[in-house]
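Trainee: Sequence:
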Amino acid sequence: METPLVPRKFSAEADYLAMKGWKDAKFVFWTETVKIWRIAFPMALSALFQLFTLLSNSVYAGHLGDLELSSISVYQGVLGSIYFYLLGLWGGTLCGRALQILVLLVIIWKTNWSKEVEQTAHRMRIWRINNHLLDDMGNVT
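Residue numbers for the sequence shown follow our numbering, beginning at 32 and rising by one.
Calculated from the structure, these hints are not laboratory results.
Just to be clear, a hint being listed does not mean it is correct.
Taking lysine-lysine pairs in the BS3-like style, the calculated list, with each CA pair at most 27 Å apart, reads [stated by the list, open to error]:
#1 K51 to K66
#2 K51 to K146
#3 K141 to K51
#4 K54 to K66
#5 K146 to K66
#6 K141 to K57
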């Protein structure tokens, strides 16, 4: 039997209740942060161990001689530049997504939803008057 990546106690069976204050917001934020770190921590360890692998290769090549050390250094320079270029693309994507989420949260937090419903109902009444009311079959009533 396969083990799930995220344990059952963190599964998203139901949505969170409406936030009524900072305490609720902190609870939701902390719960989601724990869920993210359960997935992100092994990835961070993997990246760290990749750097340790490169370091151990350099130390070993340094014991062999100058030519071997310089060849490993060139190899790691090329590989490192490609790695950090891709990491930069990945980081930019994540930062862009985080900024979008932050803007969305600010909009949701600051919007007066009662006023939005009133404006929408008013626009629907105007639209119904201007365009005649259609029945289910598309006929003008």
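Trainee: If a hint holds in the structure, say so; if it does not, say that too.
Mentor: Going down the list of hints, with the structure as the test:
1. Taken as a hint, the K51 and K66 pair is honoured in the structure, with Cα atoms around 22 Å apart against an allowance of 27 Å.
2. Between the alpha carbons of K51 and K146 the distance comes to roughly 19 Å, so the proposed pair stays at or under 27 Å and holds.
3. Between K141 and K51, the direct Cα distance comes to roughly 14 Å. Compliance with the 27 Å bound is thereby established for this hinted pair.
4. Of the supplied pair hints, the one linking K54 and K66 holds, its CA atoms being roughly 19 Å apart against a limit of 27 Å.
5. For the given pair, K146 sits about 35 Å from K66 by alpha-carbon distance, which is inconsistent with the 27 Å threshold.
6. Annotation: proposed proximity of K141 to K57 holds, straight-line Cα distance about 18 Å (limit 27 Å).
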